[in-house]
Structures are given as C-alpha cells and as structure tokens.
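Novice: Chains D and S, in that order, give the protein sequences.
Under the working numbering, the residues of the first sequence are numbered 1 to 563, in order.
Under the working numbering, the residues of the second sequence are numbered 564 to 842, in order.
Do not take every clue at face value.
As the list claims (entries may be wrong) - Covered by chain S, according to a simulated footprint, are these stretches of chain D (three or more residues, beta-carbon under 8 Å):
no., stretch
1, 273-279
2, 289-302
3, 469-480
Claimed, not checked - In silico lysine to aspartate or glutamate, EDC-like type, Cα no more than 20 Å apart, as pairs:
no., chain 1, residue 1, chain 2, residue 2
4, S, Lys-739, D, Glu-358
5, D, Lys-361, S, Glu-686
6, D, Lys-555, S, Glu-610
7, D, Lys-560, S, Glu-610
8, D, Lys-361, S, Asp-726
9, D, Lys-361, S, Glu-688
10, D, Lys-290, S, Glu-686
11, S, Lys-722, D, Glu-358
12, S, Lys-691, D, Glu-358
13, S, Lys-614, D, Glu-559
I should point out that these hints are in silico values taken from the structure, not numbers from a laboratory.
Where a beta carbon is used, it is the ideal one built from N, C-alpha and C, also for glycine.
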Amino acid sequence: MTCNMKSIKKIIIPLLILLIPTIAQASVGATELQGSFKIGPSIILIIILCLFVLVGIVFRAKDTTDYYAAGRKISRVGSGMAIASNWMSAASFLGMAALMYGSGYHGLAYVVGWTGGYVLLLVLMAGQIRKYGKYTAADFIGDRYYSQTMRAVGAIIAILISISYCVGQFVGIGLMFKWIMGLNYIWAVVIGGSVVLAYTLISGMLGVTKNMQIQYVIIIISFLIPLFILTFKFDYFWILPQIGYGAAVTDVVQGVPVNEIAGMMNSLGHDYAIVPSPEYAMPWDPATGKTFFQWIAIAFSLMIGTAGLPHVLQRFYIVPNASDARWSVVWGLFFICVLYWSAPVYSTLGKILSAHPEVGKLAKDAIVVYTAQLGNVHPLIVGLLAAGGVSAAFSTVSGLLVAGASAFSHDLYVKVINPKASPRLQLIMARLGTVLMAIIVILIAILELGLIGELVAVAFSLAGCTIFPLFLLGIWWSGSNRQGAIAGLIMGGFISLVAITYFIAGKQGVALPFYDFISYYLQAWYFAWIGAPLSILTNIVVSKLTSNTPLEIRKFLVEKVHT
Amino acid sequence: MLIGGMVLLKYVFVNEIIYIYLIKIKKLFIMDENNQFHISFFRPTTERAKKNRNKVLVLLVIWGFGVFGFQILLKVLEKSTPEPVLTEFNDVWSQVKSGQATDTELQVFARSVLQVAGKVFIEPEHRKAFDNGITWATMQLADSAQKTAIMNALISFEKIAADIEVLGEESYGTAKNNLTALAIVPLELHPNELLTRLLPMELRSEMADELTEENKEIIEKALPLYTTHNRSVLTDTIFLGFPFHYFYTAVFLLIMFIGICWFYSFTTDKINKKLHIYE
Numbered sequence: 001m002t003c004n005m006k007s008i009k010k011i012i013i014p015l016l017i018l019l020i021p022t023i024a025q026a027s028v029g030a031t032e033l034q035g036s037f038k039i040g041p042s043i044i045l046i047i048i049l050c051l052f053v054l055v056g057i058v059f060r061a062k063d064t065t066d067y068y069a070a071g072r073k074i075s076r077v078g079s080g081m082a083i084a085s086n087w088m089s090a091a092s093f094l095g096m097a098a099l100m101y102g103s104g105y106h107g108l109a110y111v112v113g114w115t116g117g118y119v120l121l122l123v124l125m126a127g128q129i130r131k132y133g134k135y136t137a138a139d140f141i142g143d144r145y146y147s148q149t150m151r152a153v154g155a156i157i158a159i160l161i162s163i164s165y166c167v168g169q170f171v172g173i174g175l176m177f178k179w180i181m182g183l184n185y186i187w188a189v190v191i192g193g194s195v196v197l198a199y200t201l202i203s204g205m206l207g208v209t210k211n212m213q214i215q216y217v218i219i220i221i222s223f224l225i226p227l228f229i230l231t232f233k234f235d236y237f238w239i240l241p242q243i244g245y246g247a248a249v250t251d252v253v254q255g256v257p258v259n260e261i262a263g264m265m266n267s268l269g270h271d272y273a274i275v276p277s278p279e280y281a282m283p284w285d286p287a288t289g290k291t292f293f294q295w296i297a298i299a300f301s302l303m304i305g306t307a308g309l310p311h312v313l314q315r316f317y318i319v320p321n322a323s324d325a326r327w328s329v330v331w332g333l334f335f336i337c338v339l340y341w342s343a344p345v346y347s348t349l350g351k352i353l354s355a356h357p358e359v360g361k362l363a364k365d366a367i368v369v370y371t372a373q374l375g376n377v378h379p380l381i382v383g384l385l386a387a388g389g390v391s392a393a394f395s396t397v398s399g400l401l402v403a404g405a406s407a408f409s410h411d412l413y414v415k416v417i418n419p420k421a422s423p424r425l426q427l428i429m430a431r432l433g434t435v436l437m438a439i440i441v442i443l444i445a446i447l448e449l450g451l452i453g454e455l456v457a458v459a460f461s462l463a464g465c466t467i468f469p470l471f472l473l474g475i476w477w478s479g480s481n482r483q484g485a486i487a488g489l490i491m492g493g494f495i496s497l498v499a500i501t502y503f504i505a506g507k508q509g510v511a512l513p514f515y516d517f518i519s520y521y522l523q524a525w526y527f528a529w530i531g532a533p534l535s536i537l538t539n540i541v542v543s544k545l546t547s548n549t550p551l552e553i554r555k556f557l558v559e560k561v562h563t
Numbered sequence: 564m565l566i567g568g569m570v571l572l573k574y575v576f577v578n579e580i581i582y583i584y585l586i587k588i589k590k591l592f593i594m595d596e597n598n599q600f601h602i603s604f605f606r607p608t609t610e611r612a613k614k615n616r617n618k619v620l621v622l623l624v625i626w627g628f629g630v631f632g633f634q635i636l637l638k639v640l641e642k643s644t645p646e647p648v649l650t651e652f653n654d655v656w657s658q659v660k661s662g663q664a665t666d667t668e669l670q671v672f673a674r675s676v677l678q679v680a681g682k683v684f685i686e687p688e689h690r691k692a693f694d695n696g697i698t699w700a701t702m703q704l705a706d707s708a709q710k711t712a713i714m715n716a717l718i719s720f721e722k723i724a725a726d727i728e729v730l731g732e733e734s735y736g737t738a739k740n741n742l743t744a745l746a747i748v749p750l751e752l753h754p755n756e757l758l759t760r761l762l763p764m765e766l767r768s769e770m771a772d773e774l775t776e777e778n779k780e781i782i783e784k785a786l787p788l789y790t791t792h793n794r795s796v797l798t799d800t801i802f803l804g805f806p807f808h809y810f811y812t813a814v815f816l817l818i819m820f821i822g823i824c825w826f827y828s829f830t831t832d833k834i835n836k837k838l839h840i841y842e
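Please build the complete structure, drawing on both the sequences and the hints.
Specialist: In structure tokens form, the structure reads like this:
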C-alpha cells in the first residue's frame, strides 16, 4: 500500500508542479458565465480524470471477488467514503442546488429524501443484506425468491434503474462540458458521454473502491472551497458556511437594500441586493407552483427509493461483517450530509447574486458554477468546482454503467441465457452492455426531459416500486414467496409504467385520458409514494393466498440472516 | 365467525373451491403454529430480535414524526399572509384599473409592480404584463417633454442591448444610465434605491401607450400569487440566522438522521456484545 502511494506521488507531484503555472495563466477564460472554451478548467478536469485512472491501475482488482467486493477489506470510514462517493452524483453536486434555486423550500424535499432514506436502509436492511452474502441485487432476488425468472427480471430492473439514473448524470456532464468547452448542449452531451464511456471502459475494472475514496475527497474539497470564499466575501459567518448562510436565507426573505451593502457586488457589477422574496424560503409557496402533497410525496418516494437502489445496496456486500455494514452507513451518511448541508448555500447566494434582471436566465443545473463565478471567486477555483461536478457525475456513471453491464452479462446473459459462456464471451457481453447503455442514455439525455435532480428521482421511484418491496419483505418476512414477489412486482411495475408513460406523453404533447389527475398524483419524480405501498400489499396478500416459502429458504433466513 | 362460516359452507353448500380459498384467507389472520422457521418483523422469536424490533419501531416513529410530522405541523399552523406591497397595490388598483388614478396612486402602483417584477420566481408571461404596467404608469406620470426624452432613451437603450455581446460595454452602460436618470423622475425614485437599479430593465417601448385589458387581468391575478405566503410562528422565528423551519429541514433533520443511525449502530453492537453474539 505504502509502495502504491509512493508511486502515485512520484507521478502526480512533478505533473502538478509543471502544470500549475499553465493552469493559472489559462484560467482567465473561466470568468465568462457561458461562452468559449476554457483551458484552465479543461486541464484541471483532465488531471483529475488521469488521477482516477492512475489510482485505478495502482489499486486494480486482482480477481472477481476483489473487484465486486474489494476483497472485503475496507474499513468502516473508507467504506463510508466509498458509499458517499458512489452516491454523490451530478444530482447531488449540481442538481440539488438547482432544485432549491428553482423552487425554494420545495427543493429541500430532495435533501431530506436523499438523506432520510439511509435511516431506512440502516435499520431495515444493511446488516441483513451483508449477512445474506450475495454480490448483486439480482442475485439476492433470484435466490430469495428461488426463481431464475425473478433473477432475470431483477437484472432488467437494475439495468433500467441504472439507465434512468445515468440520464441525469449525462445531463450534468453535458452542461459542464458545455460550460468548459463552449459547445452547444447536444454536442456537449455526445462528447462528454463518449469521454465517460471511454473512462468507464478503461477504469471500470480497476480499483473501484479505493478510487471512490479519492473521488470523495476531490469532490468534497472542490465543493467546499468556494463556499468559504463566498461567505467570507459577502460578510456571512464563513468559518461554518453551512450555518452562516442562514443569514443569507433571511436576507432573501426580507430583502437587501442597496445602501446596506456598499461595495459588495457580483462579477457583472450589480449590487449585492434583492427585493424581499419570501417565496424562496416559505413552504409550498404559491409562487413556486408546488404543493404540500408534492413535498411529502417526493420526500417519501426518495427515501424508499434510496433503500432500493441496486448500486447502493451492493455497497453493503463489500464490508467485512454486518457491524461494519451498519457503521459504514453512519459514516457514509455523514460524508453525504457534508455536501447536502452545503448545497443550499450555493442556491441561496446564487439567488441574491443573480437577482438583477440583467443577469438573465441561467441554466439552473449549472447554478453552482454560476454562483461561484458571479461571486468573483478565482477562475482557477471555479474551474476546480466545475471539474468536481464532472468528477461527481463520472464516479457515479462509471459505477452505474459497470453495475448495469454486470447485470446484463452476469445476471442475465450467463445465469439465464447462456450458462456455458466462456470468460472471454462474458467480457465481450459486459463491454457491449456498457456501450449499449451509454448510447441509450446519451439519446435520452439529449431530449432534456427535466432537471438533473428530477430525472434522477425517476430512478428512485422505480427502485422504490420494484426492488425496495422485494428486499424489505424478502428480509423481514419469510412468508413472502415467489408468487407474492411476482404479483408485487407486477403491481409496482404497472404503476411505474403508467407514471412514466404519462410523463413521456406529456413531454411529447400527447393528450392521454385523466392526464391532469395522473400527472399530478403519479408524477414521474414521486410515483413511489403509492406504488411501493401497493406493491408491498399485493406481495403480502398473494403470498398468504399461495403456497409457503420453501423450508430451505426459511431456514437460511433464520439461521444465517437473522442470527 | 369465520370458522363458523367455513363449516356452514362446507357442509351446506359442499363447494370445494370456495372452501379451499376460505382456508387460504384464514391464513391471512391466523399464524401457522407449526412453522418453526418463520421470520416476521412483528413477531420476533428471540430476545435479541424483540429488542431490535422495539428499537427499530421507536427510531422509525422518531424519524417519521421528525420528517413528516413537522411538515404537517407547518401546514396546520400556516396562514396565508400578504406582503405589505400587496396591501399597497390593492389600495390603488381599482383606481388604476378604471383609469382614474391620481399621480400618487400611479406612483404607488408602479413601485409595487416594479418590486414584484424584481422577485426571484417570475413567470415570463407575468413579467411581460408587469412590464406593461410599469412602462405605462411611467409614461402617464411624465409630462410631454419627459415622455419624449424617456422614449428616445428607451429606444436607444433597447437597440444597444440587442446588439451588445458583453454587458460591460461602455455604450450599454451609458444608455442605461441615461434612461434611468430620466425614468426615475416621474416615479420619484431615489437614485440609490434598489428599484432604481431594476427600472430600466422593466421598461419596454412597445408597451408605453396603454395598459391592455389582458395585462390588467394578468396583473390582478398574478400579483397576489407572488406576494402571499404561507407563514406561521415557525417560519417567522429566526434561529441561528435562519427562518426556523428552514433550519429545521435543511440542517437539523440531517443531524437527526445521523444521530438515529449512530444510536442504532452503537446500541446494536452493545446488545450483541452483551449477548455474546458475533456476526
């Protein structure tokens, strides 16, 4: 390990010494809000990506167990960092601030939903999943419900969730590539998507867990540094910006007159001032068009979705024992919360800094970067922030593409379609799966169907309606059998299908019956609020009406999972 | 009663299919006593499992009340509260609408609409109507010489604004300052006021002659939308600089989640140690 670290230092330090003056000189271009190619941020981004690949090579997996489960040698804190890095995607880094910037208090439903779900995950699942001892969600579903068909369906759902989750990430990558390279959005998505695909194919099989820990450090540092600078510049309690910005929220609510802030202005020369805007912080404000029901439905759907995401559940297989699985959630949640406490700072300061109509309409999903720019943060640091956003998306996308490709090649192709497939053929199928998924995701991301956070929320609702009920009942009720699981899955799948169909139809301008009613109560971002309970109920009723779960499954649950 | 009904069905109607399904329905309510390998969260069979169930239930109740209970409380306590600017607008709106407003009333109208136009969430369609109101009121208040000067300055500003690529261009700044200096006079705005900074951005030359009936309707409906908020003691109390409800949701709930997770992991390890359980 020490030797590995030394070899990394040997390469990285001289590289940085050589490049820093170039970046500093080149970073000037980053001051433009939109526009041209920015060489400074580009170099920072390339360095970070090279670092990830390098770390991956140095800590590469030696065999399948090492790859999937990092040899089960990861510490609690290290595993927590890996969970956080895996979790902190473009939706967390860019999307959350965008949601609060665009809809005020309503955006906090996403903050609460994406963190509160970890409580469910811990108290209901983490330790038990580790004890069950499988590598993938489809493995668990196939074994627990003693069905190859369920395994195949589990794999397909895992692929769909990965695709849905990736779409939001590709939108984020596209926006950041657009900002860095000055391209139009479509080309930015295509180029950014191709880069992330190449990165995944190169580094996907390399030291994933170690890479995630390093990614976490880079992502969080790039996110926090501008916050200290911004709160210091605009005279808030900068030592702890996550508390200091409270005064900024109150400033937005009460308004900041011009004469109180003489000398403070944004990078475009506008005063640090805003008219009283309570709609930013007041709950379900009419000005935002959001309601109390939507707040509750989103928070609930995201919570149960969190406890049903295959790539999140998979993280609990890699720790040495159940106790470590539990503590890794505690640490993981803490590391995630560091970012989630910080994201509203960007949206709040961004609101004041972009309040002047002359600033114009900014892409909400890039508000983190725009806030730093409008706040006159040094271009080099803005570049680092943008590179952090891309890294957040890259780290999640590569994990999701690998997870999706594993589901395709391991769970679907080898376990169901062609059990005699040679290792070479398996590898080809995995790579083919990765490329296919990336193409599908790029095509959907180009359509710009919603904000990053909203698009990612679709994956959560899908997971909440399908995987979550199967895991919850599979672990906690031995009476849940194959027939119940199939029926529950059909119910959850049906609700998901209706919600997503209405969403796509709405975007295409196709009028379906009861459109207003269904698109409100089963909106694509939160349909799990009803889909998950119905799926659980269906599973219970059908299980009760059909034959008992086989004795060996029940014995396994009693003797291995709950002992 | 269920069992009685089953007996009746079996011996009176002798309907085998119905009987079989009633047996299955019975399973919904009655546990299989002979099932030795049965796991159910609500019916734990060991001391440790019982303790775990109780702990999980207590933590989930705290979690549920902490998240959803607080939002429900916010909803219960909330009152639809107008901003002062809405009251000012309402005081003069009927006169403005009927075209009988005095100069002072027009000034109040223009200032209140300008303040709302400067808010953080404005629909483009609403902004257009607000701009119509502001421009029309400014022109109504100006005398003929001022009107000509403002209109010339506005047309010139709009032309430069359409042509420039960077906001910092000198010609743009000069045109904006000229327009501002002229337009604030009829509205009696102070040069250092925030509304003065917003004014040139909300004036539109094509909207100067009249406040259209359509835009009157939009203003009447949209202004209360932006200036009425759901407020209560929870939103108006300031805590560590935050409105309390905002602090609770954005900061405290996350601390609570970590606290719950820490408590669960700590106590589970402790119980396992006490009962000599090695996972």
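Novice: Each of the hints needs a verdict: does it hold here or not?
Specialist: Taking the hints in turn, this is what the structure says about them:
1. 273-279: holds (count 7)
2. 289-302: This one holds; 5 residues, not fewer than the three required, reach chain S with a Cβ under 8 Å.
3. 469-480: Coverage by chain S holds for the stretch 469-480 of chain D (4 residues, Cβ < 8 Å).
4. S/Lys-739 x D/Glu-358: 11 Å, holds
5. D/Lys-361 x S/Glu-686: 11 Å, holds
6. D/Lys-555 x S/Glu-610: Satisfied, since the Cα-Cα distance of roughly 19 Å is no more than 20 Å.
7. D/Lys-560 x S/Glu-610: 17 Å, holds
8. D/Lys-361 x S/Asp-726: 18 Å, holds
9. D/Lys-361 x S/Glu-688: 14 Å, holds
10. D/Lys-290 x S/Glu-686: Since the Cα atoms of D/Lys-290 and S/Glu-686 sit roughly 14 Å apart, the hinted pair holds (cutoff 20 Å).
11. S/Lys-722 x D/Glu-358: 15 Å, holds
12. S/Lys-691 x D/Glu-358: 15 Å, holds
13. S/Lys-614 x D/Glu-559: 18 Å, holds
The structure meets every hint from the earlier list without exception.
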